[in-house]
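Trainee: Spelled out from the first residue to the last, the chains are:
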Amino acid sequence: MSALVDQEQLEQEPKQDFKLPHIKLHTTSEIVPWLRTQRTIWCPGCSNGTITRALIDAILGLGLDPEKVVIVAGIGCSGRIAQYLEYSTVHTAHGRALAVATGVKVADPSLHVIVAMGDGDSSAIGGNHLIHAARRNIDVTALVFNNSIYGMTGGQMSPTTHTGDKSTTSVYGNVEPAFDLCELAHAAGATYVARGTAWGYRQLVDVIAGGIAHKGFSMVEAMAVCPVYYGRFNLTPDPAEFLKVQKERAVPASKFEEGESRRHDEYPVGMIHHAERREFVEALGEVAAKAEAKAAAATAGPAPSKAAKGGGNG
Amino acid sequence: MAGTPILLQGNEAVAEGAVAAGARFFAGYPITPSTEIAERLAKRMPEVGGRFVQMEDEIASIAAVCGASLAGTKALTATSGPGFSLMQEMIGFATMAQIPCVIVDVMRGGPSTGLPTEPAQGDVMQARWGTHGEHSIIALAPSGVLECYTLTVEAFNLAEQYRTPVIILSDALVGHMREAVVLPEPGSLRIAERGLPDCEPDEYDTVMSDIDNILPRPPLGSPYRVHVTGLVYNRRSGVPETGDPEIASDLGSYLREKIYHHRDAIVRVENYQMHDADVAIFAYGSVARSARAVVKWARAKGVRLGMVRPITLWPFPTKSVERMADQVRTVIVPEMNIKQMSWEVQAAVGGKAKVVDYGRVDGKLITPDEIKELVKKEYYYQDWEAS
Numbered sequence: 001m002s003a004l005v006d007q008e009q010l011e012q013e014p015k016q017d018f019k020l021p022h023i024k025l026h027t028t029s030e031i032v033p034w035l036r037t038q039r040t041i042w043c044p045g046c047s048n049g050t051i052t053r054a055l056i057d058a059i060l061g062l063g064l065d066p067e068k069v070v071i072v073a074g075i076g077c078s079g080r081i082a083q084y085l086e087y088s089t090v091h092t093a094h095g096r097a098l099a100v101a102t103g104v105k106v107a108d109p110s111l112h113v114i115v116a117m118g119d120g121d122s123s124a125i126g127g128n129h130l131i132h133a134a135r136r137n138i139d140v141t142a143l144v145f146n147n148s149i150y151g152m153t154g155g156q157m158s159p160t161t162h163t164g165d166k167s168t169t170s171v172y173g174n175v176e177p178a179f180d181l182c183e184l185a186h187a188a189g190a191t192y193v194a195r196g197t198a199w200g201y202r203q204l205v206d207v208i209a210g211g212i213a214h215k216g217f218s219m220v221e222a223m224a225v226c227p228v229y230y231g232r233f234n235l236t237p238d239p240a241e242f243l244k245v246q247k248e249r250a251v252p253a254s255k256f257e258e259g260e261s262r263r264h265d266e267y268p269v270g271m272i273h274h275a276e277r278r279e280f281v282e283a284l285g286e287v288a289a290k291a292e293a294k295a296a297a298a299t300a301g302p303a304p305s306k307a308a309k310g311g312g313n314g
Numbered sequence: 315m316a317g318t319p320i321l322l323q324g325n326e327a328v329a330e331g332a333v334a335a336g337a338r339f340f341a342g343y344p345i346t347p348s349t350e351i352a353e354r355l356a357k358r359m360p361e362v363g364g365r366f367v368q369m370e371d372e373i374a375s376i377a378a379v380c381g382a383s384l385a386g387t388k389a390l391t392a393t394s395g396p397g398f399s400l401m402q403e404m405i406g407f408a409t410m411a412q413i414p415c416v417i418v419d420v421m422r423g424g425p426s427t428g429l430p431t432e433p434a435q436g437d438v439m440q441a442r443w444g445t446h447g448e449h450s451i452i453a454l455a456p457s458g459v460l461e462c463y464t465l466t467v468e469a470f471n472l473a474e475q476y477r478t479p480v481i482i483l484s485d486a487l488v489g490h491m492r493e494a495v496v497l498p499e500p501g502s503l504r505i506a507e508r509g510l511p512d513c514e515p516d517e518y519d520t521v522m523s524d525i526d527n528i529l530p531r532p533p534l535g536s537p538y539r540v541h542v543t544g545l546v547y548n549r550r551s552g553v554p555e556t557g558d559p560e561i562a563s564d565l566g567s568y569l570r571e572k573i574y575h576h577r578d579a580i581v582r583v584e585n586y587q588m589h590d591a592d593v594a595i596f597a598y599g600s601v602a603r604s605a606r607a608v609v610k611w612a613r614a615k616g617v618r619l620g621m622v623r624p625i626t627l628w629p630f631p632t633k634s635v636e637r638m639a640d641q642v643r644t645v646i647v648p649e650m651n652i653k654q655m656s657w658e659v660q661a662a663v664g665g666k667a668k669v670v671d672y673g674r675v676d677g678k679l680i681t682p683d684e685i686k687e688l689v690k691k692e693y694y695y696q697d698w699e700a701s
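Protein chains in written order, with the numbering used here: chain A, 1 to 314; chain B, 315 to 701.
If we strip away everything but chain A, and leave its shape as in the complex, we get (with noise of 0.2 Å):
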């Protein structure tokens, strides 16, 4: 459900049908260029690298210019990605990711922007930043690595840690309730939301791909295996398991009814809304070409000897 007062007035008919590409995948001697290191600080079982060498596979598999890809990472484990990635990277503050992106694209529309976050980065500091960057609905994909806690500061609970789940932080049981991101994204006006896991790394890999594609603000939920601290406190300390789990509880999207998010612990994957909507950065380009066709005719207009000049002094 959407909660976009103005939803009807902008959504625009598809120009196509949109579907999700699909990605020949590439081999590790193709991605390892687009490293820039091959040591990285995250936990031995960490999925973390799988869903970066995923987004790495998205970018070339959809041939994007890489002096064009822009990262711009938020803090925690999955902001480091923006130091091993050899693209034009931003690792900025926690929780702000999006708010930087959003000054990348409004400057530079030619550049494709992707933005790295993890749960607690992007829905809890960073949430007024998320459904805003929704609502305005700009071209910048963002791809949230949900681990479901706090990793980097060693396993506190976040707010997609589930009802009952233990953290350092929630010794006695979760009492607060989980947000779903997808339905957050999607509420929130995200015309592109999506899921994948680690377990499903082809499908995760096109869902990417298909955010980037999209014209508009697009949300993929990548599900991501977090053995040493969640699984530890909660599920499993053993990776293998953990993606076990994903296996079982990762459910096509087109098994859900409309409307439904979730069934017990089973979570929809794939594409999972799709809507067209005036793109954001499109909308201010207009509004700027009204206006600089009406500055320059009346500086033109009633003295004909002087011409239009840009950064005139009021």
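Among the hints, a few may not be true.
Claimed, not checked - Derived lysine-lysine pairs resembling DSBU-like cross-links, with alpha carbons at most 30 Å apart:
1) A:Lys255 <-> A:Lys215
2) B:Lys666 <-> B:Lys686
3) A:Lys24 <-> A:Lys247
4) B:Lys357 <-> A:Lys290
5) B:Lys633 <-> B:Lys686
6) B:Lys691 <-> B:Lys666
7) A:Lys294 <-> B:Lys357
8) B:Lys653 <-> B:Lys572
9) B:Lys357 <-> A:Lys215
To be verified - A few chain B positions that, by computed beta-carbon distances, are all more than 12 Å from chain A:
10) Thr349
11) Ala382
12) Glu432
13) Asn471
14) Gln475
15) Asp558
16) Ser567
17) Lys572
18) Val583
19) Glu584
20) Glu692
To be verified - Some chain B residues near chain A, calculated using beta-carbon distances under 8 Å:
21) Gly363
22) Arg365
23) Met369
24) Val379
25) Cys380
26) Thr387
27) Phe407
28) Arg539
29) Pro554
30) Gly557
31) Ile561
32) Leu565
Honestly, the hints are just simulated from the structure, not real lab data. Built from N, CA and C at the ideal position, the CB exists for glycine as well.
The hints should help you fit chain B onto chain A, whose structure is shown.
Mentor: What follows is chain B alone, placed relative to chain A:
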């Protein structure tokens, strides 16, 4: 028409200065008494091919400004008190990641919501030290409408030249005041352009660390495939490095020296009637307007009063204050806060002259009459009625 005086408000002058400086991105959030800057730029930015974005809060505003600047566009935001507090986090990011940008803080009474429509100068220390950790900053204090314009241009030049955030510390009085001003001809202003760094992409990180030749930031999406980070990084490679004290120390001193090494080129001070002064008023921003009136009054009575007006508040004009301390017996420091700059003056004076501080935090401007009373005490032997 060039040379024709126009009636302009301080906040509007900031907006026009930004346009003249080549700024083409503004992000902000409404807050009194700075809102006119956003309103003016909401109209002006699109007219000159720029972009205006009203963000969800001040944190997002400064973050978007950092992003736009990294993408190669000169960018600014404007705010006041509570918004300036919210921005501190990303001001720190901009100093650490060396992002040129301009932040306008139209000071109002605080703390907290305080006195939203009344002027104050309570943010001068926050401008210097508001964000956590060791860093340097440039802050300018306009004291009139024309200066709101010229110092905004100057702020962008300094931001580009030193690859740093620059803060304009205006206040509710200067921001809301209207004066007839003749704006400089567009071509007559020095405008520092961004340009591309004069080195190969793979040399950028090494070369950018030269303190005498600070290179411009290459835009995102250029062959300079840089990594921008708020973590401590090796300034010769750009790579984050948090386990090496030498690298952290090297970056820390570089970020400080980048500004302080160039202090003489950055700092601007107006010395008014200081040639033979034996007592000086040290005043900035709107208070300097009252101080100037008092100097005129005193001079008409044959009293050798002068004024030192720092236009650059940070880095602090230590040399000017030292020279002043060698010359005068008393320095009077009136300010709309309690002793914030007078401590700084006292440190630079180093006991060579008496420092008299005078503060107000009630949202009222310090009037010439109040300063006159302070001046009279320093010239107790003067017969004010007779002269």
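Trainee: So, for every hint listed, does it hold in this structure?
Mentor: Verification of the supplied hints:
1. A:Lys255 <-> A:Lys215: Status holds; Cα separation ~26 Å.
2. B:Lys666 <-> B:Lys686: holds, 23 Å
3. A:Lys24 <-> A:Lys247: Holds, because 22 Å separates the two Cα atoms, which is no more than 30 Å.
4. B:Lys357 <-> A:Lys290: Holds, because 11 Å separates the two Cα atoms, which is no more than 30 Å.
5. B:Lys633 <-> B:Lys686: With a Cα-Cα distance of about 27 Å, the restraint between Lys633 of chain B and Lys686 of chain B holds, given a limit of 30 Å.
6. B:Lys691 <-> B:Lys666: With a Cα-Cα distance of about 19 Å, the restraint between Lys691 of chain B and Lys666 of chain B holds, given a limit of 30 Å.
7. A:Lys294 <-> B:Lys357: holds, 11 Å
8. B:Lys653 <-> B:Lys572: Holds. Lys653 of chain B to Lys572 of chain B sits at ~28 Å (cutoff 30 Å).
9. B:Lys357 <-> A:Lys215: Given that 30 Å is the threshold and the Cα spacing comes to 27 Å, the pair holds.
10. Thr349: holds, 17 Å
11. Ala382: violated, 4 Å
12. Glu432: holds, 27 Å
13. Asn471: holds, 15 Å
14. Gln475: holds, 19 Å
15. Asp558: holds, 15 Å
16. Ser567: About 22 Å separates Ser567 of chain B from the closest Cβ of chain A, which puts it past 12 Å; holds.
17. Lys572: Per Cβ check, Lys572 of chain B is outside 12 Å of chain A; nearest 20 Å; holds.
18. Val583: holds, 27 Å
19. Glu584: holds, 24 Å
20. Glu692: holds, 43 Å
21. Gly363: holds, 6 Å
22. Arg365: holds, 5 Å
23. Met369: holds, 7 Å
24. Val379: With a minimum Cβ separation of about 6 Å from chain A (threshold 8 Å), the hint on Val379 of chain B holds.
25. Cys380: holds, 6 Å
26. Thr387: It holds, given that the least Cβ distance between Thr387 of chain B and chain A is near 4 Å, below 8 Å.
27. Phe407: Holds, about 5 Å.
28. Arg539: holds, 5 Å
29. Pro554: Because about 6 Å separates Pro554 of chain B from the closest Cβ in chain A, which is inside the 8 Å limit, the hint holds.
30. Gly557: violated, 11 Å
31. Ile561: Interface hint status for Ile561 of chain B: violated (15 Å vs cutoff 8 Å).
32. Leu565: With a closest approach of 15 Å, the Leu565 of chain B hint is violated.
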